[in-house]
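J.: Produce the complete structure using the sequences and hints provided.
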Amino acid sequence: MNLPKTYQPDQYEPNIYGLWETSNSFRPSGVGEPYSIILPPPNANGNLHIGHGLTVALQDTLVRWQRMKGKDTLYLPGADHAGFETWVVYEKELQKQGKSRFDFSREQLYSKVWDFVDKQRGNMELQLRALGASLSWEHMVFTLDEKVVQTTYNTFKQLWDKGLIYRGEKMVNYCTTHQTGFADIEINHKNEKSKLWKIAYPSLDKVTEIIVATTRPETMLGDVAVAVHPDDERYKHLIGTTVQLPLADREIPVIADEYVDPNFGTGAVKITPAHDPNDFEIGERHNLPRIQVIGFDGKMTNVPSQFAGLEVLDARKRILAALEAADFRRGEETLENSIAHCYKCNTIIQPLVKDQWFLKTQPLAKRVIDIINSGEVKFYPESRTKALLYYLENLRDWNLSRQIAWGIPIPAFQNTADANDWVFDTRVDQKSIEIDGKVYRREEDTFDTWFSSGQWPFITTDFLDGGELSRFYPSNVMETGHDILYPWVSRMLMLGLEVTDKLPFKDVYLHGLVNDAHGKKMSKSKGNVINPMDMVSKYGSDAFRMGIMASRSAGQDQAFSEAKVIAGRNFCNKLWNTARFIESKLLDMYKSSEPTPISLADHWIIRELNNSIKSIDELLSQYRFAEAAEVVYHSLWDNLADWYIESSKAELNHDVLVWALDVTLRISHPFAPFVTETIWQTLPWYNEQLIIADWPTHVNFDEISASQFDRLKNFITEVRFVANELPGNEKYDLLYGNDSLISENLELVKHLVGFYIKSIDHTDQPRGLRIASEGREVWFDIDKNTLNDHQSNLEVRLSKEHFRAKSLRKRLENSSYIEKAPPQLVEESQKELREITERINKLQEELKVIDSSN
RNA sequence: GGGUGAUUAGCUCAUUUGGCUAGAGCGCCUCAUUGACGUUGAGGAGGUGAGAGGUUCGAAUCCUCUAUCGCCCACCA
1 MNLPKTYQPD QYEPNIYGLW ETSNSFRPSG VGEPYSIILP PPNANGNLHI GHGLTVALQD
61 TLVRWQRMKG KDTLYLPGAD HAGFETWVVY EKELQKQGKS RFDFSREQLY SKVWDFVDKQ
121 RGNMELQLRA LGASLSWEHM VFTLDEKVVQ TTYNTFKQLW DKGLIYRGEK MVNYCTTHQT
181 GFADIEINHK NEKSKLWKIA YPSLDKVTEI IVATTRPETM LGDVAVAVHP DDERYKHLIG
241 TTVQLPLADR EIPVIADEYV DPNFGTGAVK ITPAHDPNDF EIGERHNLPR IQVIGFDGKM
301 TNVPSQFAGL EVLDARKRIL AALEAADFRR GEETLENSIA HCYKCNTIIQ PLVKDQWFLK
361 TQPLAKRVID IINSGEVKFY PESRTKALLY YLENLRDWNL SRQIAWGIPI PAFQNTADAN
421 DWVFDTRVDQ KSIEIDGKVY RREEDTFDTW FSSGQWPFIT TDFLDGGELS RFYPSNVMET
481 GHDILYPWVS RMLMLGLEVT DKLPFKDVYL HGLVNDAHGK KMSKSKGNVI NPMDMVSKYG
541 SDAFRMGIMA SRSAGQDQAF SEAKVIAGRN FCNKLWNTAR FIESKLLDMY KSSEPTPISL
601 ADHWIIRELN NSIKSIDELL SQYRFAEAAE VVYHSLWDNL ADWYIESSKA ELNHDVLVWA
661 LDVTLRISHP FAPFVTETIW QTLPWYNEQL IIADWPTHVN FDEISASQFD RLKNFITEVR
721 FVANELPGNE KYDLLYGNDS LISENLELVK HLVGFYIKSI DHTDQPRGLR IASEGREVWF
781 DIDKNTLNDH QSNLEVRLSK EHFRAKSLRK RLENSSYIEK APPQLVEESQ KELREITERI
841 NKLQEELKVI DSSN
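Mapped onto the working numbering, the consecutive letters of the first sequence carry residue numbers 1 to 854.
Heads up, some of the hints might be wrong.
To be verified - Each pair of labels, with its calculated beta carbon distance range: (1) Tyr343 / Thr416: 34 to 40 Å; (2) Gly375 / Glu192: 40 to 46 Å; (3) Asp161 / Lys431: 23 to 29 Å; (4) Asp370 / Ile704: 53 to 59 Å.
Hints listed in this document are in silico derivations from the structure and should not be mistaken for laboratory results. The C-beta atom is built at its ideal place from N, Cα and C for all residues, glycine as well.
T.: Spelled out as structure tokens, the structure:
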């Protein structure tokens, strides 16, 4: 074996991934308890972003760990057609070509976007491979695959039959740039300073006037009433009368409605049912007509010619000017209110009345609320549960209709002779169909993408058909960013329960957003986006995974730290060189077997690795990834490399050395799959791949021997510390007295502190500086002058020890502490105090020697 | 307007039922070294845990208030 000095990831990663993939190692084994994670499908048309990097690191770590633990494991890949997201990109393409969506039919558009996406599809999949995701590729599902479409239709039908689907003219959030409606959740509210304009609406006899306050004067041309609070003394006498609507030649009634807050504005509200959700409701209550004055293109319509065709904000200016000119303005004030914007293009969302398909969400939400309250689904972090409950409790009906072609067509047809007669039918490729001699025209809208992706877990596992993968539903954990808790996780819970009567997953782990190095949100416009693939090619896939996982806790947004990726890279290299060293020590075709510990170090490393295995199991089962990764890191670096390998240079035990490498590779594999498998493939005695090897188990050792090694470690650290502190650059002899731990491990001690000392010898006449390590009879053979020079160091140490002893003594003298603290804690304190006292005595001894010599 | 998270070492962050001397990575300082690894080794410095008060034998952790920053939700014209 002749491995290069440093690990070069790019030389091995593609081959190793190829090896796994071609030998079907990602495929569920069919043996053992099922364990599944469904990858939140990345946009088929895009590249992976840093958040995907984190997602893959977390999910793949769990999957690999469980696979090694013998589970029948499925990590299920998918690709998202990402309806609106992709549509926006594609429309820009069309624009470049000087075309628009109105130049094509739905079918034409759909097939054009399909081709557009198809060209890009491979990228995201290659990137998932580069990240080492052990996905079962043969089970890949695209969100427009036939089975997704069919299940979506069936679900729609089922909900329709249950009376949960309805079509209705309702106020929808409409983006006039993208010309589509949105769900409530897809719009961004921003608090902005705006003006509250006051406008006089004169009575018919011009004797009096009522002043309304509005932030959107352009909608006044669609006013159909003025509303006041029924008990408002200022306006009571006007209720039932009629006023003149300025600029428009119309008369509108003054009505009373409880909704009006007499303390806001002027206490009189203009009512525009076509352009405001509250006004819409008031309009319904009072049977008012709806006059649409803003078109779906965002331009004024049904208004006097001077305003017709104007953009909304333009119209606002012109209307205010016209009101001013005609003396209808009665002042203005500024206020902060919240304005809805399109989350994509930032256009102000217009509330417009439109016929759309809605899903009654409350019955579905209710079930989810109950099941969350019953504790059947667990959230990490738990704090998100409360927010989700609040969201669900206040959820309004879900607008499923989108006016874009890139999506699953809504399978519904309308009777051309009876607008209220809608039928469910999946012949969506036909513009019209005939049923019982009646002609039905198809719905042109498509579904909100989240409606189908909300069914993802049971669709992808073919649960409803009882297919081969149905044993993997529900999945074990839904791991995703907290930013899609509402749009996705909540919908999967609702639809999963509704359709399958089961929770779609057992746990929900929500990771935080990965921000830039300074904790700021990454965005293209800020130019601070970090591409995960850049990190992978610079430092390797394993390094990236370990780096992005480090120091991260559930749900917490956090800065990306390249330094942690570097630490990950260093880890891989350390592992590489550990393996290089161990392999160099091996006899030909050495066969690994149960280790037979001989030396203290052997027992100790077995104990330490046993502990590491246990901790990793515990931490990962609680989704404490960063802590688990830290255990792996220190297990390799501190325990195996710094102590055990160093010790093995003095006392070589092939058995244990090989076993230690073996276990280290196994426990590191879920975190750093490539480098561990690469090394594994160089070990001559394994035929199987590490990815499907068994998770290591506990091995017997002798606790007393292990703790003897702990003492030796302490002693060695103490010697190194003191040697560093001693004045001058000279090396000194070390003398040991009646100390069996030292005498029996002399070669080991020599190797571990060899550099710091001249020699180590037995003595019957101790002299010099005593090592202040528990139980040791060892001295640095230094003369009085050197000891003298060292005095201040000793005094500093002594005072520190005294300080610590004092606080321990104080604690132990407190009777409440003795009574109430756990006995084990008290015992530890007592033990510690004894040790400190011993150190103090030794230090004082030294200082006494110094004193007496002066 | 309503929630919610954060504030810990120079930087980025851990610390899960309150309990070892509050940890890690990177950075910093000293020293070392040609064969496992400089993507190294040994040692070290660095924190009154935002501020104030409270509960407790014991608080970064629980409670109250204050300050600053962030995020989410939200149909008050």
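J.: Hint by hint, where does the structure go against what was stated? Just the numbers, ascending.
T.: No hint contradicted; all consistent.
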